[in-house]
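**Q** Here is how the chains run, residue by residue.
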Amino acid sequence: DAGVIQSPRHEVTEMGQEVTLRCKPISGHDYLFWYRQTMMRGLELLIYFNNNVPIDDSGMPEDRFSAKMPNASFSTLKIQPSEPRDSAVYFCASRPQAGGEQYFGPGTRLTVT
Amino acid sequence: RKEVEQDPGPFNVPEGATVAFNCTYSNSASQSFFWYRQDCRKEPKLLMSVYSSGNEDGRFTAQLNRASQYISLLIRDSKLSDSATYLCVVIGPGGYQKVTFGTGTKLQVIP
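Which chain is which? The protein sequence lines are A and B, in order.
Under this note's numbering, read the first sequence as residues 317 to 429, first letter to last.
Under this note's numbering, read the second sequence as residues 5 to 115, first letter to last.
The hints are simulated quantities; they were obtained by calculation from the structure and are not laboratory data.
Any given hint could turn out to be false.
[What the hints assert, rightly or not] Ranges between beta-carbon positions, derived for each pair:
id : chain 1 : residue 1 : chain 2 : residue 2 : range
1  : A       : V328      : B       : R70       : 21 to 29 Å
2  : B       : N59       : A       : E334      : 43 to 51 Å
3  : B       : K46       : A       : P400      : 37 to 45 Å
4  : B       : R80       : A       : N366      : 32 to 40 Å
5  : A       : P370      : B       : P18       : 25 to 33 Å
Glycine included, C-beta positions come from ideal geometry on N, C-alpha and C.
Here chain A stands alone, though its shape is the one from the complex (with noise of 0.2 Å):
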């Protein structure tokens, strides 16, 4: 298996554009969680999705941001307008129906100028 696929790997982009960061997660697995890492924060978890059904959305920090995930194999985090301190390094992560293990993708660097 692949593991979970994320792109872009990078993305820089000017204050006020529409960024579009997108995941695959693990053939067969049921949950998908969008997390945002900065040094100041650590790692957050902005949303997560059951079957592909948002299920607990109350980490995205405000209307800027919005995710979906419209078959079991895709998602999409949306941020629109962007701002600086929307920089930070953005994962996705899968993770069976039984098991506890979250699998990371290796991540988006975001910065946003």
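For this one, chain A is given, so just place chain B on it according to the hints.
**A** Chain B in isolation, oriented as in the chain A frame:
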């Protein structure tokens, strides 16, 4: 009080030393606990689960103390390759609906 707290370190230890990290959690109803390892500029990866009775995996030992609400990770005979950030993870309460990562403890093993 933060839900999950770790000493950020860094812990600088010589090769061969034994080092221990603690992680405290605030919710006594938390259900599951894990240690993850994160190398610089890489994604976190599961190191080991933490069981109530304590568990060992080679040079690594994890313990859970529910009374004092902390988990610990002990690394014996440290190797240079152990240099990384160690994140504790607390699950629950409410099953897998709540996943909280600590901010991590940085370990640097020195030759």
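**Q** Run every hint past the structure and note whether it holds.
**A** Hint-by-hint comparison with the structure:
no.	hint	verdict
1	A:V328 to B:R70: 21 to 29 Å	violated, 46 Å
2	B:N59 to A:E334: 43 to 51 Å	holds, 46 Å
3	B:K46 to A:P400: 37 to 45 Å	violated, 24 Å
4	B:R80 to A:N366: 32 to 40 Å	holds, 39 Å
5	A:P370 to B:P18: 25 to 33 Å	violated, 48 Å
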